[in-house]
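Below are the chains, spelled out letter by letter.
Number of protein chains: 2
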Amino acid sequence: MSDCRLFELVADDGTSISPFVWRIKYALGAKKLNYETCGVGFTDIPQIDEGRFTTVPVLQVGERYVGDSWAIADYVDSVSSDGARLFSSPAERTMARFFDEWLGSSVRPLLFRICVKDIHDRLQPRDQEYFRTSREQRLGQTLEAAAAAREKLVPVLRATLEPLRSPLDKQPFLGGATPNYADFIGLGTFIWAGSVATLGLLAEDDPLLEWVSRGLNVLEGTGRTVRLSGLDLRHG
Amino acid sequence: MSDCRLFELVADDGTSISPFVWRIKYALGAKKLNYETCGVGFTDIPQIDEGRFTTVPVLQVGERYVGDSWAIADYVDSVSSDGARLFSSPAERTMARFFDEWLGSSVRPLLFRICVKDIHDRLQPRDQEYFRTSREQRLGQTLEAAAAAREKLVPVLRATLEPLRSPLDKQPFLGGATPNYADFIGLGTFIWAGSVATLGLLAEDDPLLEWVSRGLNVLEGTGRTVRLSGLDLRHG
Numbered sequence: 001m002s003d004c005r006l007f008e009l010v011a012d013d014g015t016s017i018s019p020f021v022w023r024i025k026y027a028l029g030a031k032k033l034n035y036e037t038c039g040v041g042f043t044d045i046p047q048i049d050e051g052r053f054t055t056v057p058v059l060q061v062g063e064r065y066v067g068d069s070w071a072i073a074d075y076v077d078s079v080s081s082d083g084a085r086l087f088s089s090p091a092e093r094t095m096a097r098f099f100d101e102w103l104g105s106s107v108r109p110l111l112f113r114i115c116v117k118d119i120h121d122r123l124q125p126r127d128q129e130y131f132r133t134s135r136e137q138r139l140g141q142t143l144e145a146a147a148a149a150r151e152k153l154v155p156v157l158r159a160t161l162e163p164l165r166s167p168l169d170k171q172p173f174l175g176g177a178t179p180n181y182a183d184f185i186g187l188g189t190f191i192w193a194g195s196v197a198t199l200g201l202l203a204e205d206d207p208l209l210e211w212v213s214r215g216l217n218v219l220e221g222t223g224r225t226v227r228l229s230g231l232d233l234r235h236g
Numbered sequence: 001m002s003d004c005r006l007f008e009l010v011a012d013d014g015t016s017i018s019p020f021v022w023r024i025k026y027a028l029g030a031k032k033l034n035y036e037t038c039g040v041g042f043t044d045i046p047q048i049d050e051g052r053f054t055t056v057p058v059l060q061v062g063e064r065y066v067g068d069s070w071a072i073a074d075y076v077d078s079v080s081s082d083g084a085r086l087f088s089s090p091a092e093r094t095m096a097r098f099f100d101e102w103l104g105s106s107v108r109p110l111l112f113r114i115c116v117k118d119i120h121d122r123l124q125p126r127d128q129e130y131f132r133t134s135r136e137q138r139l140g141q142t143l144e145a146a147a148a149a150r151e152k153l154v155p156v157l158r159a160t161l162e163p164l165r166s167p168l169d170k171q172p173f174l175g176g177a178t179p180n181y182a183d184f185i186g187l188g189t190f191i192w193a194g195s196v197a198t199l200g201l202l203a204e205d206d207p208l209l210e211w212v213s214r215g216l217n218v219l220e221g222t223g224r225t226v227r228l229s230g231l232d233l234r235h236g
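Sequences listed follow chains A and B, in order. Here the first sequence is numbered in the working numbering, starting from 1 and rising by one per residue. Here the second sequence is numbered in the working numbering, starting from 1 and rising by one per residue.
Any given hint might turn out to be false.
As a list, the in silico DSS-like pairs of lysine-lysine whose alpha-carbon atoms are at most 27 Å apart [to be verified]: (1) A:Lys170 - B:Lys31; (2) A:Lys152 - B:Lys152; (3) B:Lys170 - A:Lys31.
By construction, these hints were calculated from the structure, which means they are not laboratory data. Note that the structure is a prediction, hence the values are computed from the model and not measured.
Assemble the whole structure, with the sequences as input and the hints as a guide.
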């Protein structure tokens, strides 16, 4: 596989800020695929491949464009024989999907509400207007009102994450000694939120910080390229 | 492995009514282990092996008693080479643990509140007194008050189960073509609650009913021995 390009959502300073892009960066690393990145803003997404996509990541391989992070993961797993399989069995893929559904229904909505104003403030100016309008409609409140209520959501977030702590207390990753795609999904979520948040998302003694720290160090430090303002990793 | 006996919690009519026992029945079936059962009530548990246990399942193998469903699962997986491995990899075990933590923090507490009076009514008389006292203390309300509020919890339960539906829409079990220990955990939970509930837990078009139906038919119909009053499986 060659000529591989990953379209990623970027902040005004170029920071990659999508949980779905981050999991794909990890997946491409695990599959030992070289790629170049093309940073886009929200308002640039309709320019990719004549408007076929409304979200990133989009992976371009030669003339082919693949959107949707699950479709991309399945695609790179099927076409590249380098690196380990992302999904060693149907069971592993299904449980990763369940884990993603859980994160998507319980955890990411909380992180979104906590970080929504922070995300806005990091976008390039022409994305800010689009983001404010669309997200205020989704939230049913202004970004400023959401930001004012965020501190009350932090303890809710920390309690919601409880099912994840004891499975990780005996081994370093959900995948065992090495991370699997479920880890990539979780790490992508924390790198996304951690890179934009302007308050501490996790308590400084939360064992999940150690999991994130370990995740930043795998695959030649894929996740190390970003500063995580919302996660206190000094103790992790 | 021989002389294997499973201590199980039973209702007054002998029905097995513990989600943790049911998963072990499935696990023993998957490991092709023959066993006899010994039905006990809540108030009989202190009689097992000189009071070492406060919960069932307890598995007796010769002179050895093993309690705690996770310890039993690991034990039978390590000592019996018959049948498939319960956990083919550390990742599969970790994700099953996460799934169990999620069920235990989000789903079983709701099922418990919905079914608590039904459970009480099914117990043998000397268990009923113990159950009422201990559970009313835990709930902070009478069993009757909990029962009066149960219908409001049914839509909450159905919404809480959402992360489980789409992973199961493409394949029959969490384990793929055949059930794995995560399925056993989930099936045990639904057989437990479904066997005691006196109202419909899931909507009759809920795809999770098909998953439960499939689960009842595996391992020579392990789960078929019980009538599921709380699950409408005609359409499943």
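Next item on the list: Sort out which numbered hints this structure fails and list those numbers smallest first.
Entry: none
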